[in-house]
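First to last, the sequence lines map onto chains A and B.
As numbered in the working numbering, residues 1 to 393 make up the first sequence, in order.
As numbered in the working numbering, residues 1 to 393 make up the second sequence, in order.
These are calculated hints, taken from the structure and not from any lab test.
It should be emphasised that the depicted structure is a prediction, and the values quoted were computed from it without experimental measurement.
Beta carbons are placed, not taken as given, at the ideal position from N, Cα and C, and that holds for glycine.
Fair warning: there could be bad hints in the mix.
As the list claims (entries may be wrong) - Straight-line Cα separation of at most 27 Å, DSSO-like style, residue types lysine-lysine; simulated pairs: (1) A/53 <-> B/53; (2) B/294 <-> A/29; (3) B/325 <-> A/6; (4) A/5 <-> B/168; (5) A/200 <-> B/6; (6) B/54 <-> A/53; (7) B/5 <-> A/6; (8) B/5 <-> A/168; (9) A/5 <-> B/54; (10) B/29 <-> A/294; (11) B/335 <-> B/325; (12) A/294 <-> B/54; (13) B/200 <-> A/53; (14) A/54 <-> B/294.
Claimed, not checked - Some chain A residues near chain B, calculated using beta-carbon distances under 10 Å: (15) 3; (16) 7; (17) 10; (18) 59; (19) 63; (20) 104; (21) 203; (22) 207; (23) 246; (24) 250; (25) 280; (26) 282; (27) 335; (28) 339.
What the hints assert, rightly or not - Computed footprint of chain A on chain B; a stretch qualifies when at least three of its residues, placed anywhere within it, have a C-beta under 8 Å from a C-beta of chain A: (29) 27-35; (30) 67-81; (31) 108-119; (32) 291-303.
One letter stands for each residue in the lines below.
Number of protein chains: 2
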Amino acid sequence: MAVSKKVHGFISQSSWIRRMFEEGNILKKQHGAQNVFDFSLGNPSVNPPPEFKKALQQISREDLSGVHGYMSNAGYLETRESVAAFLRPLHGIPLGAEHVIMTCGAAGALNVIFKVLLDPGDEVLIPTPCFMEYRFYVDNANGNTLFVQTHDDFSLDLSAIREAISEKTKIVLINSPNNPTGRVYDNASIQGLSEILDVKSRTYGRNIYLISDEPYRDIVYDGVEVPSTLKVYRNSMTVSSYSKTLSLAGERIGYLAVNPALSHIDEVMAGLILYNRTLGFVNAPALMQRVIAKIQGVTVDVDEYRRKKDILCHGLASIGYEFSKPDGAFYLFPKSPIHDDIAFVRALQKRRILTVPGSGFGWPGYFRIAFCVDDATIVNSMKGFEEAFREGS
Amino acid sequence: MAVSKKVHGFISQSSWIRRMFEEGNILKKQHGAQNVFDFSLGNPSVNPPPEFKKALQQISREDLSGVHGYMSNAGYLETRESVAAFLRPLHGIPLGAEHVIMTCGAAGALNVIFKVLLDPGDEVLIPTPCFMEYRFYVDNANGNTLFVQTHDDFSLDLSAIREAISEKTKIVLINSPNNPTGRVYDNASIQGLSEILDVKSRTYGRNIYLISDEPYRDIVYDGVEVPSTLKVYRNSMTVSSYSKTLSLAGERIGYLAVNPALSHIDEVMAGLILYNRTLGFVNAPALMQRVIAKIQGVTVDVDEYRRKKDILCHGLASIGYEFSKPDGAFYLFPKSPIHDDIAFVRALQKRRILTVPGSGFGWPGYFRIAFCVDDATIVNSMKGFEEAFREGS
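Make a model of the complete structure from these sequences and hints.
Have a look at this one:
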């Protein structure tokens, strides 16, 4: 064995999402891309908005000295100011540039936060279904992950969370709009969660942090609003990226924002900036920092995703699939027509339809469809979805 | 205490380099940038070459779908092929795209490698003087760092390395051309090191890996050649970035290249790709991957650095400073005129000259001058360098 013992184990249980994505690439080579219906990865098909393109071209033409060099590890001050100015009214708290750190996407931000807050053995509590890569991020910081199930409609089960919190709990991580369910945790849930964390922090005599991973905040449907965790809970941080709202997943640009009222905020910010550097990110990519500073508030056309969602929901409902309509994000998480979600995903794969089993999100018996794809992919996949459904039920 | 115990300790002993850089920013605000002589950070002043600008503008104008989205975690195949094609003749080994992973700079690459290779408590042996951030990277992977001094001329002390290797040693990390000394480890040293590692790997019955961090490979003077470690040692990897050779430090684009003959290479590559994702990098920034694929082999004008080096060396030698002329990189590492290098750096700082004490590189009694600055900064700093020297000696 060449790699470490832990890595050896992790390689074999690696991500379902990426496995399906890579298998899809092989299928596309065999059958042609147009004959493969790839719903595996949350890789936006909708192009970045024209404002992005314009800002990128403008910045590429500028002839300034040193603009591709190092800046402070927290990011350009102008970019942090621009992000803070956008978030301030959104969350209704006095966020300043000093509370924002530009990061290598939300994944980078979470790795930094876990590294700074967790002592070995500390627990991070995460409601399921959820994006399973969180486990790796927690493990990177020598912490342990504790999963707590949501209700059947994927809303937060506050009693279960209250029960699960112990003296080991350091962080509760939520992701809303949620991957894979599309559920937005409502205001009452966030208020309730906040009260639980207040009580439990007092009970155990140490702060429990609420981290909200919100890359899909701007992609919501039917007037749903995403409540602010920063507004209701003092020891909170929000993490986000431009991967989904600007379709820039490959550019690795995101941020973390810390509640100005957070306890010991100076030490925490110093730790976050230090680890943004020493985990090897050093700083968020310079050019993209300059681009996004110019286009705060701009998003992809959410109507595009609404249309895709409607086509998909209508098609699957007609066939007989059961699912909750998503409040946001670009995922649908239907019930598998047969008990074994992995077997069902394999059945879909035989029809060149790539999805991800619910088992890959801590929720067997369901499967995830990432509908951030061309409309034609959705429409043309319906025959296969129907065949697999008939075969299974 | 809000942050973890370890982070609490690390914040206070954080990097000398960054501390001087941040103090320099304050001085610049007080006295104006032109009155501060900032030699603190290896942040290239020489602009990226025109080929970079051209490639960036061309790519920014292209209207392709999905080019800012996720790609395989190892990077674009075209980029990996382009890097491999450049490295193949340089190292004289049959490197292919499958041996290259695009990373978030060399710092990202090293964090990934350490995480994959180190079991808790494994040791990484590093010759000093060296870039001290390596310590953090090793610690991130729960490994321990063992420093071994070089000879007085900063060449590798092979006897000391042989003595220091134990059953705990998993990795030997070298950096050549070296930060902070500018020394290039010569061919005989690399051959000798390789033989020691072969013998010790057999003695302890497990592979010791040789990792070579080479971001300054293209910046060498007076016909010096940087020997290839990949060519002479089987279990080796090379790490590099475009931070220095293309002046893109803020863009976080680099790579790691693995010797095709490495033991258990399939498992090691799988581990490296997995951790390139799960440490939060996910992939190297997409746009920069596409840019550098087009301009392999292009570098900044090294003559610029040669001229700066000559102005600096000539000036400091005239004053009476003692130093070895650097073989490469853009650092000079003179002896401090007084025993206490930190006191001497403070004395320079009073003259608004920012350097970094040798203590920050595991080598007290010396100090580092990063001469990747405007010629005027070097020329105008000489008065201050002279005053501090006279005062100290």
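Quick rundown of the hints versus the structure:
no.	hint	in the structure
1	A/53 <-> B/53	holds (17 Å)
2	B/294 <-> A/29	holds (25 Å)
3	B/325 <-> A/6	violated (45 Å)
4	A/5 <-> B/168	holds (15 Å)
5	A/200 <-> B/6	holds (24 Å)
6	B/54 <-> A/53	holds (17 Å)
7	B/5 <-> A/6	holds (24 Å)
8	B/5 <-> A/168	holds (15 Å)
9	A/5 <-> B/54	violated (46 Å)
10	B/29 <-> A/294	holds (25 Å)
11	B/335 <-> B/325	holds (12 Å)
12	A/294 <-> B/54	holds (23 Å)
13	B/200 <-> A/53	violated (55 Å)
14	A/54 <-> B/294	holds (22 Å)
15	3	holds (4 Å)
16	7	holds (5 Å)
17	10	holds (6 Å)
18	59	holds (8 Å)
19	63	holds (8 Å)
20	104	holds (6 Å)
21	203	violated (18 Å)
22	207	holds (7 Å)
23	246	holds (8 Å)
24	250	holds (3 Å)
25	280	holds (4 Å)
26	282	holds (5 Å)
27	335	violated (27 Å)
28	339	violated (30 Å)
29	27-35	violated (count 0)
30	67-81	holds (count 7)
31	108-119	holds (count 10)
32	291-303	violated (count 0)
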